[in-house]
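*Asks:* In order, the protein sequence lines correspond to chains A and B. In my numbering, each residue's number is its place in the first sequence (first place is 1) plus 8. In my numbering, each residue's number is its place in the second sequence (first place is 1) plus 8.
These aren't lab readings, by the way, just hints derived from the structure by calculation. Check each hint, because a few of them may be wrong.
Note: identical chains are not told apart, hence a pair may lie in one copy or across any two.
[Said to hold, decoys possible] Below are the EDC-like pairs computed for lysine to aspartate or glutamate, each with C-alpha atoms no more than 20 angstroms apart in a straight line:
#, residue 1, residue 2
1, 24, 99
2, 24, 85
3, 24, 101
4, 24, 95
5, 24, 52
6, 24, 41
7, 24, 140
Bear in mind that the values here come from a model prediction, so they are computed numbers and not experimental data.
Number of protein chains: 2
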Amino acid sequence: MSVRLLSERIADTRAKLESEVDLWVASASASGDAYLLPLSYYWDGATLTMATPATTRTARNLRRAGWARLGLGPTRDVVIVEGPVVEIAVEADDALAEAHARAAGFDARNSPGYVFFQLRPERILAWRNPAEAEAGPIMLNGAWLA
Amino acid sequence: MSVRLLSERIADTRAKLESEVDLWVASASASGDAYLLPLSYYWDGATLTMATPATTRTARNLRRAGWARLGLGPTRDVVIVEGPVVEIAVEADDALAEAHARAAGFDARNSPGYVFFQLRPERILAWRNPAEAEAGPIMLNGAWLA
């Protein structure tokens, strides 16, 4: 596993900040409800600027917190999944642990202190452009809508 | 702007859930501190399973909330940016609005109700593998480390 030099990681990150269009914005309400949405941004070399309606959940959360945590990665093909999540010990279900290891590339049973969190989708959004975003969810109450 | 049929969006989303390796996990503390981290996952056709150390911030937040919001998109080249965020009226700075419009592909001044949120990075993480993740941040206190 090759590790880039710190100077390379910085150069790659600055290039990414300049070349990407979207990022993931995590925010939370005062009562601890997490929210996640991709927004387009502008990077001027020192700050990132995103535009969003003033009354959205993201705007209210960012205004309240005055702090944001953003993730960069291609997001022009967005899928957002929401639902209840349960914690499962990594030793509880070997078939699950093996399937997870094949998918994720590491076996959580060999990773000291690891647990599983398992989410059953209740609501799924999927869009490649604003028109699709406005077309609404593709899953509601755990059921695919087509 | 073409809008896929609902059935196409569902088929594409199921294919994406099957083919992707990582996703973004948004979570929050009881006091409303948002957190964001990519994790690998396993999709069994009905649930997503992620493994993470039981004592991490993500694990504590998910355990408390019992609910998660996940974003899918390629994340094997991760950049996470954190810092203070300020709200700016879209009419306040035309140069900023024009630069944002060029970068983001839409002019927020033409989008009723929009505001800007501007973040000045204080801490940046960048990794392509676990070894790089453990190598620590590439920006601290607003300063690039090389």
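*Asks:* Next, verify each hint and record whether it holds.
*Replies:* Structure-based check of all given hints:
For a Cα distance limit of 20 angstroms, the shortest separation of residue 24 from residue 99 qualifies neither inside one copy, at 39 angstroms, nor across copies, at 28 angstroms. Taking CA atoms no more than 20 angstroms apart as the test, residue 24 paired with residue 85 passes in both settings, with 18 angstroms inside one copy and 10 angstroms between copies. Proximity of residue 24 and residue 101 under a CA criterion of 20 angstroms is satisfied in neither setting, with 40 angstroms inside one chain copy and 25 angstroms between copies. When the C-alpha separation of residue 24 and residue 95 is checked against a cutoff of 20 angstroms, the pair qualifies neither within a copy, at 35 angstroms, nor between copies, at 24 angstroms.
Proximity of residue 24 and residue 52 under a CA criterion of 20 angstroms is satisfied intra-copy only: 13 angstroms inside one chain copy versus 33 angstroms between copies. Neither within a single protomer nor between protomers do residue 24 and residue 41 lie at most 20 angstroms apart by alpha-carbon distance, with minima of 30 angstroms and 26 angstroms respectively. Within a single copy, residue 24 and residue 140 get their C-alpha atoms only as close as 26 angstroms, which misses the 20 angstroms cut-off; across copies the closest is 17 angstroms, which meets it.
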